[in-house]
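Novice: One letter stands for each residue in the lines below.
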Amino acid sequence: MRTPIFVAAMLAVVALLSACVTINIYFPAAAAESAADKIIDEVWQLQKKPEAAPATKEAK
Amino acid sequence: MRVGAFLLILLATSAMAQGNLEVNTPAIAHAKSAMAARHAQLAPHYASGALGLARDGTVQVRDANAIPLAQRAGIQSAVAAENSDRDTLYREIARANGNPAWEADIRATFAQRWTDKAQSGWWVQNAQGAWQKK
Chain A
1 MRTPIFVAAM LAVVALLSAC VTINIYFPAA AAESAADKII DEVWQLQKKP EAAPATKEAK
Chain B
61 MRVGAFLLIL LATSAMAQGN LEVNTPAIAH AKSAMAARHA QLAPHYASGA LGLARDGTVQ
121 VRDANAIPLA QRAGIQSAVA AENSDRDTLY REIARANGNP AWEADIRATF AQRWTDKAQS
181 GWWVQNAQGA WQKK
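So the sequences go chain by chain: A and B.
Everything in the first sequence is counted per our numbering, starting at 1 for the first residue and increasing by one.
Everything in the second sequence is counted per our numbering, starting at 61 for the first residue and increasing by one.
It cannot be assumed that every hint is accurate.
[As the list claims (entries may be wrong)] Distance condition first, Cα-Cα at most 27 Å in a straight line; then the derived DSSO-like pairs of lysine-lysine:
| no. | chain 1 | residue 1 | chain 2 | residue 2 |
| --- | --- | --- | --- | --- |
| 1 | B | Lys193 | B | Lys177 |
| 2 | B | Lys92 | B | Lys194 |
| 3 | B | Lys177 | B | Lys194 |
| 4 | B | Lys177 | B | Lys92 |
| 5 | A | Lys38 | B | Lys193 |
| 6 | B | Lys92 | A | Lys38 |
| 7 | B | Lys194 | A | Lys38 |
| 8 | A | Lys38 | B | Lys177 |
| 9 | B | Lys193 | B | Lys92 |
[Claimed, not checked] Computed footprint of chain A on chain B; a stretch qualifies when at least three of its residues, placed anywhere within it, have a C-beta under 8 Å from a C-beta of chain A:
| no. | stretch |
| --- | --- |
| 10 | 127-138 |
| 11 | 173-184 |
Hints are computed from structural coordinates only; laboratory data are not their basis.
The model shown is predicted, which means the values in this text are computed figures rather than measured ones.
Idealized CB from N, CA, C, for every residue including glycine.
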């Protein structure tokens, strides 16, 4: 009784894991690019304060 | 335990399916805020050409002599700290998305976007390793 259930469970595990591998193996280039853009904007404060860049001239 | 792992895998999979990378973890937030705070210190030296944005997604000291002597050691250690935060950032984004092997791809993506977004007058390294002024 237990064995078929166990086998089925193992098959489910294998199926699930291989599905994950299939999905994750490809690098999501577009998503990575938009994540990078967001982080760079934050680190360089590019979009929150649009006047920040020209302000370097006025700062003196 | 197993059910928990399954749920995590399912969650990771569905996050992936939505086409966004997970970037909200404490380690990522920490690296980001440290980098943002450091930027004001580094920015003038990107403009002077002392520092450049390297093709490997790091900051490099191109010309230490362009940094006033009094600041030189401080800037050099800020660059080292910046690069360590950048390494953390790339590694943690890969990890947060369940795929540590993506670190190199994430690094390459960032390298490209740092140079694309650099202000004109800043120095960036092209794919062949040569430095160019934007």
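Novice: Now, for every hint given, state plainly whether the structure supports it.
Specialist: Now for the hints, and whether the structure bears them out:
{"no.": "1", "hint": "B:Lys193 with B:Lys177", "result": "holds, 13 Å"}
{"no.": "2", "hint": "B:Lys92 with B:Lys194", "result": "holds, 24 Å"}
{"no.": "3", "hint": "B:Lys177 with B:Lys194", "result": "holds, 10 Å"}
{"no.": "4", "hint": "B:Lys177 with B:Lys92", "result": "holds, 17 Å"}
{"no.": "5", "hint": "A:Lys38 with B:Lys193", "result": "holds, 24 Å"}
{"no.": "6", "hint": "B:Lys92 with A:Lys38", "result": "holds, 11 Å"}
{"no.": "7", "hint": "B:Lys194 with A:Lys38", "result": "holds, 21 Å"}
{"no.": "8", "hint": "A:Lys38 with B:Lys177", "result": "holds, 11 Å"}
{"no.": "9", "hint": "B:Lys193 with B:Lys92", "result": "holds, 26 Å"}
{"no.": "10", "hint": "127-138", "result": "violated (count 0)"}
{"no.": "11", "hint": "173-184", "result": "holds (count 4)"}
Of the hints listed earlier, the one the structure fails to meet is number 10.
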